[in-house]
Each structure stands twice: as structure tokens, then as C-alpha cells.
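Enquirer: These are the residues of each chain, in order.
Number of protein chains: 2
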Amino acid sequence: MSAPDRKPPAQLAVRRLGIDTQSEPVVFLHRNNPVSHAEGFEAHNRVLLRAGSREAIATLFLVTDDILADDVAGLSEAAWRRLRLAPDGHVTITHPRPVDSMSLVRGRIYGHELAENSLHAIIRDIAEERYSNLEIGAFLTACAANPLVRDEVRALTRAMVDAGDRLSWNADIVADKHSVGGLPGNRTTLIVVPIMAALGFVMPKTSSRAITSPAGTADTMEVLAPVRLGAADIHRVVEREGGCIVWGGAVRLSPADDMLIRVERALDIDTEGQMIASVLSKKIAAGATHLVLDMPVGSTAKVRDAAAAKALTDGLLDVAAAFGIHAVVVTGAGDQPIGRGIGPALEARDVLAVLRNEAGAPENLRERALVLAGALIELCGGAPKGEGIALARAVLADGRAWAKMQRICLAQGAMCEPPVAPHRRPVTAARDGRLVTIDNRKLGKLAKLAGAPEAKVAGVDLHVRLGDRIAAGMPLCTVHAEAPGELDYALDYAAANEAMFEIVA
Amino acid sequence: MSAPDRKPPAQLAVRRLGIDTQSEPVVFLHRNNPVSHAEGFEAHNRVLLRAGSREAIATLFLVTDDILADDVAGLSEAAWRRLRLAPDGHVTITHPRPVDSMSLVRGRIYGHELAENSLHAIIRDIAEERYSNLEIGAFLTACAANPLVRDEVRALTRAMVDAGDRLSWNADIVADKHSVGGLPGNRTTLIVVPIMAALGFVMPKTSSRAITSPAGTADTMEVLAPVRLGAADIHRVVEREGGCIVWGGAVRLSPADDMLIRVERALDIDTEGQMIASVLSKKIAAGATHLVLDMPVGSTAKVRDAAAAKALTDGLLDVAAAFGIHAVVVTGAGDQPIGRGIGPALEARDVLAVLRNEAGAPENLRERALVLAGALIELCGGAPKGEGIALARAVLADGRAWAKMQRICLAQGAMCEPPVAPHRRPVTAARDGRLVTIDNRKLGKLAKLAGAPEAKVAGVDLHVRLGDRIAAGMPLCTVHAEAPGELDYALDYAAANEAMFEIVA
Numbered sequence: 096m097s098a099p100d101r102k103p104p105a106q107l108a109v110r111r112l113g114i115d116t117q118s119e120p121v122v123f124l125h126r127n128n129p130v131s132h133a134e135g136f137e138a139h140n141r142v143l144l145r146a147g148s149r150e151a152i153a154t155l156f157l158v159t160d161d162i163l164a165d166d167v168a169g170l171s172e173a174a175w176r177r178l179r180l181a182p183d184g185h186v187t188i189t190h191p192r193p194v195d196s197m198s199l200v201r202g203r204i205y206g207h208e209l210a211e212n213s214l215h216a217i218i219r220d221i222a223e224e225r226y227s228n229l230e231i232g233a234f235l236t237a238c239a240a241n242p243l244v245r246d247e248v249r250a251l252t253r254a255m256v257d258a259g260d261r262l263s264w265n266a267d268i269v270a271d272k273h274s275v276g277g278l279p280g281n282r283t284t285l286i287v288v289p290i291m292a293a294l295g296f297v298m299p300k301t302s303s304r305a306i307t308s309p310a311g312t313a314d315t316m317e318v319l320a321p322v323r324l325g326a327a328d329i330h331r332v333v334e335r336e337g338g339c340i341v342w343g344g345a346v347r348l349s350p351a352d353d354m355l356i357r358v359e360r361a362l363d364i365d366t367e368g369q370m371i372a373s374v375l376s377k378k379i380a381a382g383a384t385h386l387v388l389d390m391p392v393g394s395t396a397k398v399r400d401a402a403a404a405k406a407l408t409d410g411l412l413d414v415a416a417a418f419g420i421h422a423v424v425v426t427g428a429g430d431q432p433i434g435r436g437i438g439p440a441l442e443a444r445d446v447l448a449v450l451r452n453e454a455g456a457p458e459n460l461r462e463r464a465l466v467l468a469g470a471l472i473e474l475c476g477g478a479p480k481g482e483g484i485a486l487a488r489a490v491l492a493d494g495r496a497w498a499k500m501q502r503i504c505l506a507q508g509a510m511c512e513p514p515v516a517p518h519r520r521p522v523t524a525a526r527d528g529r530l531v532t533i534d535n536r537k538l539g540k541l542a543k544l545a546g547a548p549e550a551k552v553a554g555v556d557l558h559v560r561l562g563d564r565i566a567a568g569m570p571l572c573t574v575h576a577e578a579p580g581e582l583d584y585a586l587d588y589a590a591a592n593e594a595m596f597e598i599v600a
Numbered sequence: 096m097s098a099p100d101r102k103p104p105a106q107l108a109v110r111r112l113g114i115d116t117q118s119e120p121v122v123f124l125h126r127n128n129p130v131s132h133a134e135g136f137e138a139h140n141r142v143l144l145r146a147g148s149r150e151a152i153a154t155l156f157l158v159t160d161d162i163l164a165d166d167v168a169g170l171s172e173a174a175w176r177r178l179r180l181a182p183d184g185h186v187t188i189t190h191p192r193p194v195d196s197m198s199l200v201r202g203r204i205y206g207h208e209l210a211e212n213s214l215h216a217i218i219r220d221i222a223e224e225r226y227s228n229l230e231i232g233a234f235l236t237a238c239a240a241n242p243l244v245r246d247e248v249r250a251l252t253r254a255m256v257d258a259g260d261r262l263s264w265n266a267d268i269v270a271d272k273h274s275v276g277g278l279p280g281n282r283t284t285l286i287v288v289p290i291m292a293a294l295g296f297v298m299p300k301t302s303s304r305a306i307t308s309p310a311g312t313a314d315t316m317e318v319l320a321p322v323r324l325g326a327a328d329i330h331r332v333v334e335r336e337g338g339c340i341v342w343g344g345a346v347r348l349s350p351a352d353d354m355l356i357r358v359e360r361a362l363d364i365d366t367e368g369q370m371i372a373s374v375l376s377k378k379i380a381a382g383a384t385h386l387v388l389d390m391p392v393g394s395t396a397k398v399r400d401a402a403a404a405k406a407l408t409d410g411l412l413d414v415a416a417a418f419g420i421h422a423v424v425v426t427g428a429g430d431q432p433i434g435r436g437i438g439p440a441l442e443a444r445d446v447l448a449v450l451r452n453e454a455g456a457p458e459n460l461r462e463r464a465l466v467l468a469g470a471l472i473e474l475c476g477g478a479p480k481g482e483g484i485a486l487a488r489a490v491l492a493d494g495r496a497w498a499k500m501q502r503i504c505l506a507q508g509a510m511c512e513p514p515v516a517p518h519r520r521p522v523t524a525a526r527d528g529r530l531v532t533i534d535n536r537k538l539g540k541l542a543k544l545a546g547a548p549e550a551k552v553a554g555v556d557l558h559v560r561l562g563d564r565i566a567a568g569m570p571l572c573t574v575h576a577e578a579p580g581e582l583d584y585a586l587d588y589a590a591a592n593e594a595m596f597e598i599v600a
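If you're matching them up, the sequences are chains A and B in order. The end of the first sequence is residue 600 by our numbering, with every number in the run present. The end of the second sequence is residue 600 by our numbering, with every number in the run present.
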């Protein structure tokens, strides 16, 4: 066929629009933009942006108004960051190559099991941000509708590890810990790590920030010390102190996992296979050899009952074994928060109270941390079966854990005391009676409405425990906020959701 | 609990930003906007916009730059239209009520069949635009991974009908026609309707615009006459002339269907049950009693082979019967376009050539239209079995169909001649040989790149048929475009995709 040779795509000047679309790159073009016309783009097309050797797939919005000149490309923050543009930079915009691995996802939808190389192709494309959220949603839904078989879970785990970076350690035993989410508070990590490190174990802990919860471990640790460390700094801290508690996001461990989780939360679906691959891929990538898994079980926790706990435990241990990881699952009551504070600064305050052996420190946080540390000590060969918890208790009681925590914080860059919110108001009981249930999900939402985790000081301070006798007018919790508007808003929510605390006469 | 009463949400002034996001409502707020702060909104939240009694659920983008003042809400075109705002209008923005029916979708993902009232709840929420594309994608994926059973298909069809408006007719027999897509050209509707109406049958045809194809029947008819008629005008035309060919979008027949199809196309998945409900819900809502279904079968058509045709036919006839519709499926060769033109004006030109009995009229378009009209005449009792096609041929040959078509166009508002594109260039054969395959999908894409259907005159004019002897340099088709840039771009695509026409020595 005769036709002119393909011309190189035109360069467009860029404009940073300062639009936060979270992780979704968006490019705005004027409808009269010659590139849009020539390429046959329509609004909501997915387009390929290129700047030098960097690429991003973005959603296209067409502008008909004069907010954008017709010869520039306006970029959302996510697009701007991904392309690492300068204000005088240029981009080319073309149709993206088709994402071949979506045909494998379609095959999975129609019932074909995914082979290891197929899962690698899918996860690589997801990690390279070639998939739209809609496509990721279809993959997750397919894996929920016809659950991943064990071979697929192992292959998915390996694919997720291979799609990112890995940390490696000059030690035979590398201890690690993970909580299978769902409970507010629960900052045992900040107690377990200094205990283990004080005992001479290597425990380089990488943690996540909150996605939909009021605080992730990294958010809480950040109240006490810097957490955004690169791989070299992490190694330096661990070589010096044996342990660290840092944000995993700076070292790109299993990056596809973050994208899957974001969509999973938006759809509010989760699947056992996906959860197993998510947890273990991060631990394998972080170089763990010995792993304690904290699994709260309760009606408003992630794991609802004993049967679900058993199934998930079997799956986790099977896949961990396949990767040579020694793992143990420790279940526990998941019917109420662990500790009193919910939100970064309030949780950090609880952790410090335990580490400093203060009289009023939350007992359930201390005991849960000791149980987990004890199990991990035994798993790592640091104590005979049944004697780990006593060793952990001794290290905490004599101040070695607190001393270690201070050294870890300083090695990470600084040690700070948690600040206190300027605006605080109690939520009080409307009746007399006994407290019989606490809705963890609603309590988490209350803390978020108060501003957590963006406002470190914001959150909820819980004053009651299940079984407590309650008198009308008594404060059940105190909402902490940085601004009076947020405080009002959170209290409105509390008033409209009295069932958060169920009090029975 | 004590807490202040809930304040009414604050009113924000609006600004129309002229941003085309297709069907997705988007609202832009400055990060410092007090509403965003108070409500705890994050970027990419789904928020509820209210203006008077109108509502829209929108995606929220936060702006940090000065392109937007911090006390206004900037709206995309879809949001602006849905709320029918005036430039001095105001909106409130709050968290949307949770979409309860998503829990039913999650149940379907985990394998629970959907009862009739569950499907009603899901489809009603989709029709009211409460679902995000991600959520619609999860519903479709679940229905593909574990296919809808027959009862679900019937219930889905009924739910889709009930979620929209219905047309009703003062006639015992209401004829209708539908093509189970996938073939470029194929504008038999514009020939079948005037034949049926000329014979005295009632045939009120509502058609769609293109979604991903270079032209829908409504786009092609719009070249000849206005198609955007409301229900009262449709009734007036049909009472006077017995038939019409209008765009169905103005009368809200099965509105959920359009949203499902858009997401289905984006994911490139389709499911038989969904397709059956899609086709029949539109026909039931349009008041059809007798329906001919055109089903092209071919490797690049929607229905790939005889087995798929059989399964789809069984499903369509079963559900049609459940709703009291007399239906017949007419399969036919789907290996190449029907007619020569692809694109609104070129297809309209072909239709007129057939209706006017011009010497060079495309024979395959005429014959396919006569086969379908014949089957429909027989189904409606207008001729004994086997004699419908002769009756249709007579009505076409003696000019009654053409006369009726002119009256229908005039009743719809005007009768126009198709315009011709100012820029045209041929795609020529690179070698001698015989033409053995035509890739319908690539040919459709070529017409779209040339500008169809937005540019009515744009498209592809095909000069060859399967089996033709081809000489190198001979024109295979001519690309028509409104602008030289689009012409270049389409020809680039043709040059890069020679396999569109397979020529074997």
C-alpha cells in the first residue's frame, strides 16, 4: 500500500496544573490541539505520554474552554511527577501500545487458570502502570469470582516480588512481623522491633502508610522519627542498631501490591489468595527469613471468625514455606482497639508509655506486643518453646527495649515527642449500662474525619473497654483535631452513629 | 451522645470549566476549599453534588494551583449538564449515600445467583448513575466469570426495561429489527423500515449512535434527516407514516444498557447474557411485538462461528418468548462489509442508491435488506412462508419504499442529500493476487481515524470484494476526510496495517 512515512509525534510544551488526582495521571488538552486532532483522541482515551526516556499512561480530558491554550499539554500532579518534568519541558502524546497481558486477564475471567509466566506478564504491566483502575478491577474480580488456586497464589507472590526491588541482609536470621489488618491502634510493631533488636536479632521492618485507615505503622513511627529512608540508609541503621522501622514506599518492594490494594479497597472486595500474595511478597522482598503474623479475629476485624482464620493461616503458611520462610500465625481477640489512641500521635503516645514502663500504659497493647515478640523470639531460636514471652517481658521491663528504640530513632535521623492536638472534645454516653460492642470500622472513620492521618495530632482517644459499666454523660472517647471545623464534623458523625458504642442496660 | 446538630451543607458558587470527560462527572475543588476540608474529602473521592432537586455523583479532583479560586466548584461538562446549572448557580457537595446494591454485586462475585429484586436494585442504581465505572466493571466481570443463568438473564432484561421509559403503540403488530453488531456498513435498517411502512406495518425504529464503531444507524440516518426526536414527535411521525428511524437516546429506553456497554467495550469483554438483555431490553422498551434479528457470522464479526450463533440464538429466542415477543434470527455471512461506504455520509449514499434503484447500487446491501424485510414480513403475517422476500423486492423495485423513505424523512423534519468529503486519497494494493480476507475491525478503525462518526463525511469507500483479482497499484479503498491532517493520519495507519487486506498470489 502506498502512504506517507510515519512522522515523529509532535512535541508539546507542558503546564503543571496543580491538580491532585491521587495516583491517576491525567493530561488535559484543548479540543483544538493539533495532536489531539491528528491522533483521533477522544475524551477519556488512555494515552501514552513520553518525556525523554520516561513514560506514563494517562487519562485524557479535552478542554473546550480557554483555561488551557491550544498548544500545550496540562498535566495532573501524578503525571508531572512520573515524568519528572521541568517547567520548560515537553512531552509527546500518542496512542499507547495495547496491553497484551489484558488478554490473559480476559482468559482468567472466562475460567482459564493463569500459568506462572502469565501472572508475571500481568503483574509486570500493573507495576509499570499500564493498567487502568478499571482493568485492575477486572483482574481482581476475576480472582475473587473463581478463587486463585494454590499454584496461582505462589506464582502471583513470586511475580509480585520480581516486579520490584529486594533488600538483602548479611544475616542467617532476619526477623519480621506483619499484622493482617483491621484493628485500630495495634501499634505492636513499635514495641516488638526494639525488643528483638535489643536481643541481638536483625529486624529491618518496612511498613506502610494508611490507605483507608486512620494511621499506618509508618505514619505513627513518623511522629517519633523520620521514616522516608532509601535502601542505603536503611542498611546503615540496621547495621548499627539491628533494627529499623521505616516506610517501605521509598524502596519499591512489591510495587504492584499497592496498586492492587488501592482498587481492592475501592471495590471493598478482598480475596484470600490476593491477601496472601500481598503480605508475603512484601516480606520476601524485604529479605525476611522468620516471620510472625498477627491475626486479630472479630466481627468488625478483617478476619471475622475462627474458620476464616484457619483457612487464611493454612494458605499463608503454605506459601511462606514454598519460599523458605519460617512463619507462625498468632491469632488474638479482634473485637476492640488495641491501645487507647487512634491516629498517629495518639498511637505513638501509647507506644512510648509502654516502652517507658509508665504506670498508666495501655495493658492490652503491652501484652499483645509481648505475645508477638515471644512467639518471634521462639521462632528465631532465642528461647525454648513457651519461654519467649518471659524474655521479651524482661527486655521491656529493664529498659533495654526503650533504650534501643531511642537509638533506632536517632539512627533514622531524630527522636521526637508526640505533639498534642489543640482542639479536643469528648463524646459522651447517652445512657447508663454496660458497653457490649465497639464498631472498629466506625471508630476508624471517626478518627479519619477528625483529620488523621494527614493531621498527625488528629484522632480518637478511647476511654472505655468492652465490659465497662457506663454512666450517662460519661466520656466514651475524646476526639482530637487540628482545626475546629474538623472537630465539629467528626462530632456530627459521632452523633449520627451512636451504634458505634453499644451500651446495654 | 452529645454533639452539635448537623449543619446544612454549605453552598458553593459554580464555574463551568469546559472540560470534556465523556460521561464521567468531575468536580474540581481547591485544596483550601472549606467544604473539602470540613467533609474530609480526598482526591478521587466520589462526592454527591446537589443543585435544587438535581443530583450527580462525581469524582473529586483537588487543585493546589491558582487555576481555581478556593471558594468555587469547577465542573466538567458532564457534571454541568446533569445538574442543568446556570452560570450563577450553586451546588452543595457532600459524601454520597453508600450504594447498598454493591453488596449484592459482591455477593455475585462470590458466587451467589442474583434474584429478580437484586438485579432490579443494581440496575436502578446503575441507571441513576450511582456506580463508578470501576464498580460497573466488577459487576460485568462477575457476570462473565460465572455466566448469568437463564433466570438471571430474564430478570436482568426486565430490570433494564423497568429502569427506563417505554413507548407504546396503538397497534397489534409493532415490527422491529436489530443487528447483532460487528460489521461495518450494514445499514439495512434504512431500507427495511420504509419497505415495512410502505406495506402498512407499524415500525417505529429507535437506533443508537456509534460507541466504538465508525457509525451507528442513528449517525447515518442523521445525514438524511433529523433523528433527535422526543416521544411526542416520534408518535406523530409514526402515526402519519407508519415508521420512523430516530435516535433512541432522546427517549431513555433502557438507559443502564448504555452505561454497561461503555464499560464492556473499555474492558473488551462481552457476555452472552449481557448481550441478550441489552438487545431485548431496548426492543421491549420500544414496544416491539415482532422482531427480526440480523446476525452476521464471521471471524472478525461479533459472532465468530456457527456454534456461537446457535447458542446466542437460543438465548435470544428464549428471553424474547418470555416477554411475548415473536422473534426470528437471520444469520448471514459476516466476513466483509455490507455496502461500500463506511462512515455516516458514505453509508447514507449507499442506502439512497438502493432505495432509488440506481444501476450501481451495492447489491449485497440490497439483497441483505430484502432477506431481512422478507423474514419480517412473514413473521408479521404479511406473506406466506417463503414469499416475503418477493413482496419486499416488489415494494423496493416499484419505488414505494423510496417514496415512503422521503415522507419519513420529511416527517422527521427534513430530507437532505449526503455531502462529499473535500479530502480523499486511495489506499492501493502493493501486489498482484486475489483478495482472500478483509479485517473488518481494522477497516472500522481506519474510518474512525479519518474522522468518522464526528465528521459525517469521513470514512472509507471500499472498491473491492472478497475473491476479486487484484493488480498492484490498484485502489482497494478511498479514505475520505474533512481535514488533511486526519487524512494523513488514517493513511499512515493503513500503511502500517497492510494485513487489513490479505492478497494471496
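If you're looking for bench data, these hints aren't it; they were derived computationally from the structure. Misleading hints may appear alongside valid ones.
The list treats identical chains as interchangeable, and a pair is accepted whether it falls inside one copy or across any two copies.
[To be verified] Keeping only pairs whose Cα atoms sit at most 20 Å apart, straight-line, the calculated DMTMM-like set for lysine to aspartate or glutamate is: (1) K405 x D165; (2) K537 x E482; (3) K537 x D328; (4) K537 x D195; (5) K537 x E137.
Predicted model only: the values in this text are computed from it and were never measured.
Enquirer: All hints, please: hold or fail.
Expert: Each hint, compared with the structure:
For the identical chains of this complex, K405 and D165 are neighbours neither inside a copy (60 Å) nor across copies (51 Å), given an alpha-carbon limit of 20 Å. For the identical chains of this complex, K537 and E482 are neighbours neither inside a copy (38 Å) nor across copies (70 Å), given an alpha-carbon limit of 20 Å. In the homo-oligomer, the alpha carbons of K537 and D328 never lie at most 20 Å apart, since the shortest distance is 38 Å inside one protomer and 53 Å across protomers. For the homomeric pair K537 and D195, the shortest alpha-carbon distance between copies (17 Å) is at most 20 Å, but the shortest distance inside one copy (42 Å) is not.
In this homomeric assembly, K537 and E137 come within 20 Å of each other (Cα to Cα) only across copies, at 18 Å, whereas the closest approach inside a single copy is 41 Å.
Of the numbered hints stated above, those contradicted by the structure are hints 1, 2 and 3, listed in ascending order.
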